[in-house]
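Work the whole structure out from these sequences, hints included.
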Amino acid sequence: RKEVEQDPGPFNVPEGATVAFNCTYSNSASQSFFWYRQDCRKEPKLLMSVYSSGNEDGRFTAQLNRASQYISLLIRDSKLSDSATYLCVALRIAAGNKLTFGGGTRVLVKP
Amino acid sequence: NAGVTQTPKFQVLKTGQSMTLQCAQDMNHNSMYWYRQDPGMGLRLIYYSASEGTTDKGEVPNGYNVSRLNKREFSLRLESAAPSQTSVYFCASRGAGTEAFFGQGTRLTVV
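Sequence order for the protein chains is A and B.
Position 68 of the first sequence, counted from 1, bears residue number 73 in the working numbering, the numbering being contiguous throughout.
Position 57 of the second sequence, counted from 1, bears residue number 37 in the working numbering, the numbering being contiguous throughout.
It should be emphasised that the hints constitute simulated quantities derived from the structure, not laboratory data.
Among the hints, erroneous ones may be present.
[What the hints assert, rightly or not] Below, in silico cross-link-like pairs of lysine-lysine (DSS-like), each with a Cα-Cα straight-line distance of 27 Å or less:
{"#": "1", "chain 1": "B", "residue 1": "Lys51", "chain 2": "A", "residue 2": "Lys50"}
{"#": "2", "chain 1": "B", "residue 1": "Lys51", "chain 2": "B", "residue 2": "Lys37"}
{"#": "3", "chain 1": "A", "residue 1": "Lys7", "chain 2": "B", "residue 2": "Lys51"}
{"#": "4", "chain 1": "A", "residue 1": "Lys115", "chain 2": "A", "residue 2": "Lys84"}
{"#": "5", "chain 1": "A", "residue 1": "Lys47", "chain 2": "B", "residue 2": "Lys51"}
{"#": "6", "chain 1": "B", "residue 1": "Lys37", "chain 2": "A", "residue 2": "Lys47"}
{"#": "7", "chain 1": "A", "residue 1": "Lys50", "chain 2": "B", "residue 2": "Lys(-11)"}
{"#": "8", "chain 1": "A", "residue 1": "Lys7", "chain 2": "A", "residue 2": "Lys50"}
No experiment lies behind these values; they were computed from the predicted model shown.
Dropping the structure here:
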């Protein structure tokens, strides 16, 4: 079983709509989580960190559910520029700061 | 602000040839990582290093070796390249409590 798993999509989203997707992780020792964005196989860039209490950054909301071992990302009022692949990342400090990526969820926002 | 620098950006190798991918960061980060990304897939961890002098295997270490030369540099070596190693390779670095920053990637083709 992969350490971090995501629905590959694509999620086809009308412009202005809301889209949400999850990521599950298998190792309960994972301590920190992040969402990264990747465009056309360029280098990934941090979208947001995920905090235990949940956090929001503009139109983006991230949630962490440790009991069920998943994190989620919600995008409100989707823009064409939100079309990208969203990568879920888990950090295990006790494993030498191991950073494990999920396979990515592709989002396509259409007019 | 160079951040993470990878060289070369593109490389074509013949099967059986060897090469070293170079990575250097100027952010004084302790942790460094090597990933590969195949078409339609997420980033898979090859090797990582929590600090100078330490390295750990990731998900797909076979066929690769690494050297953490000093705090700044983390190189990835392919001793005998195979077509299955055709991929985009990303190097990343991370400091304590910070996000991971990526290089622009090395696009490697093995023929």
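_Hint numbers contradicted by this structure_ = 3
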